[in-house]
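Enquirer: Sequence lines, in order, name chains V and D. Position one of the first sequence corresponds to residue 1 (this note's numbering), numbered consecutively onward. Position one of the second sequence corresponds to residue 1001 (this note's numbering), numbered consecutively onward.
Hint data in this document are derived by calculation from the structure and do not stem from the laboratory. Computed from a prediction, not measured in an experiment: that's the story for all the values here. Be careful, since some hints might not be right.
[Unchecked claim] Think about it this way: if two alpha-carbon atoms lie no more than 20 Å apart in a straight line, the pair counts; the simulated EDC-like pairs of lysine to aspartate or glutamate are: (1) V/Lys-209 with V/Glu-8; (2) V/Lys-7 with V/Asp-210; (3) V/Lys-133 with D/Glu-1190; (4) V/Lys-133 with D/Asp-1187; (5) D/Lys-1099 with V/Asp-14.
[Said to hold, decoys possible] In silico contact screen, one side only, chain V against chain D (beta carbon under 7 Å); selected entries: (6) Leu-53; (7) Phe-99; (8) Met-103; (9) Ala-271.
Glycine included, each C-beta is placed from N, C-alpha and C at the ideal position.
Given next are the chains, with one letter for each unit.
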Amino acid sequence: MADVTIKELVKSYDKKHLILDHINLEIKDGELMVFVGPSGCGKSTLLRTIAGLESITDGEISISNRRVNNLPPQQRNIAMVFQNYALYPHMSVRDNMSFPLRMQKMPAQEITQQVETVAEQLDITRLLDKKPKQLSGGQRQRVAMGRALVRQPEVFLMDEPLSNLDAKLRVQIRSEIATIQRQLGVTTVYVTHDQVEAMTLGQRVAVLKDGILQQVAPPDELYSRPANVFVAQFIGSPGMNIIPCRISGDELVLPLEKEPVCWPLPEEMRAGLEHLSRDEDIWLGLRPEAFRLSAQGQESSLSLPCQVLDAEFLGYDTLLRFQLTAPFKTALNIGEQTFTARIFQQLNCAVGENITLNVDVRTACFFDQSGTAV
Amino acid sequence: MNNTFRRDNRVGWLMAAPALTGLALFIGLPFLLALILSFTNLKLASPLPLTFVGLQHYARILQDPVFLRALLNNLLFAVVVVPLQTGCALLLALLVNRKLPGMVVFRTLFFLPVIFPFALISVVWMLLYAPGPNGVINSVLELLTFGFWQPQDFLHNQYLALPAIMVVSIWQGAGFQMIVYLAGLQDISEELYEAARLDGANSWQQFWYVTFPCLRNTTLFVVSVTTILSFRLFDQVQIMTKGGPLNATATVVFEAVRAAFERQQIARGSAMTVVFFIIVLCLTVFQRRMVSEDRRVG
Ligand SMILES: Nc1ncnc2c1ncn2[C@@H]1O[C@H](COP(=O)(O)OP(=O)(O)OP(=O)(O)O)[C@@H](O)[C@H]1O
Ligand SMILES: [Mg+2]
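Chain V with its partners taken away, still in its complex shape (with noise of 0.2 Å):
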């Protein structure tokens, strides 16, 4: 078991453009750590400068305490399951399970031993005999993570090892991931693009954006103290919605050119947002769960007019598209902007219905004019 620690790591291809810029992270010993980002921020070359598959420019990272900047893969003790598996073609599952103990010289009798336990654990002793071209792609990534951990590697390595599974496997495997990582206690990084998987999944998070760490933390904290307005739109599903904002004293402002709307913020909220001044415009973060239908005759102060874009029905839940309405639309500066609130209960408005929604400020985030949660 291990802990990895990432130091001002660099990863740069031409010198020029920064891949991977400044990365500092300590994942713990027996953590699952989730990389979580969009398309190209480079989770997969941080995974891989793990691995030792990708050299890096700049940093240190070490794990265990031992610096392993220059150690070949081979020497680091880590497995990894690779998107597409990567299982030997050639090899049947045994043998597919048996390299990396074969590579390390153990004797034979104790690579049987261990790979039928493994092969137990994961359910796929039947699949022994079989070569991968025989096996469907559920079947594919257990042998991939059978291979990874046969060998009781210090660090579990996997880059989007559902991504090619249909969505209810995805659910399935996920899971047993979960369980299996916690039997086990090995240190394992995982990386996904898709939020969800991320949140489900991870003890910690890390969001990356265009190489930069934007934020690592619980799924929990991710979700309700997002460190900026990136990760606060990138987690969640739909993201969070930002509306500009002032605070003056204890009250929120919206500052309308009439009248500006004022909601006074609850008590607990104060604290923090005192050194904020009277006129400095900052967003308002709401999560779609902010939002209420207000019943007829009931608006109150915390109120806002809207118009329904559409909305989405998903059974338990309500998904409402809208738009701001006069005056809020032209005084916020915010054009054609829509906005997503989650309703739990049953809605029957029209398509371009004007409806008032009632805001939650308890949950409300502020970040300041460059984005970053104050």
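Once you've looked at the hints, dock chain D with the ligands against the given chain V.
Expert: Here is chain D with the ligands on its own, set in the frame of chain V:
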């Protein structure tokens, strides 16, 4: 449904027609003629009437020491050239498959001998093999052995003539097999090597456990084509040694040509080509068997 199927079939045949006609006209028909002629006593400028003689020619050529020598030469040639040429081709392919600048130049250089006409190559090599201490190869060997090498007349020495031809053939043929291997190498996914490295395999183990098995079908193809080409050996012999000395470089095709066109024994020559055809057929069937087996299991 049935109708469309039949129409599709017809279109298919139509498209294949030009190639099929060519095949039938230039390969099927001549072979059929050779097969029929091999059972007759046809001999150009012979006063005897044409009759069927059954398997007589086959019985005779299989007892003819020169033809048997030719068969043996072909076999020797195959046994030496196939592994050596395949090995060289694989080695060259591995060398030029690296992602270094200038590799295209090397690929082209190694491939060049393939596109030269054999007449040219033979002339060049005959100069290289020139007898006496001034011949290029003789003087190089003398230099390398610090003067111990006695100058040889390679192409007229009954022990050196066949090896000399083998060397030329390998030099000329390896470039083509290299390209085939290069295609095979580039088909192997980079991820397999990465997985092998993480599994702890060193370079040699990566070659032995990943590269080589993944090239199985390529190797089968290369080996069987090289074997067939070894049995077809003719140009080199015709130009460089004329089958000599003492039949040391006679080959099946060379003998067939000599019988038919030097001694006018058309029927006898035909019988030899039929024997040649049967050998090639066996090799091809064997290769196809091996490849399809891999498809089924792999
Ligand atoms: N060998 C390479 N040479 C040059 N640039 C590269 C190379 N490999 C990756 N990149 C660049 O590095 C960046 C990050 O790539 P990476 O594969 O890490 O993205 P990713 O986050 O894994 O994306 P995805 O979700 O699509 O897999 C990309 O902009 C890519 O163009
Ligand atoms: Mg990737």
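Enquirer: Hints numbered earlier in the text: which of these fail when held up against the supplied structure?
Expert: Result: hint 9 breaks, nothing else.
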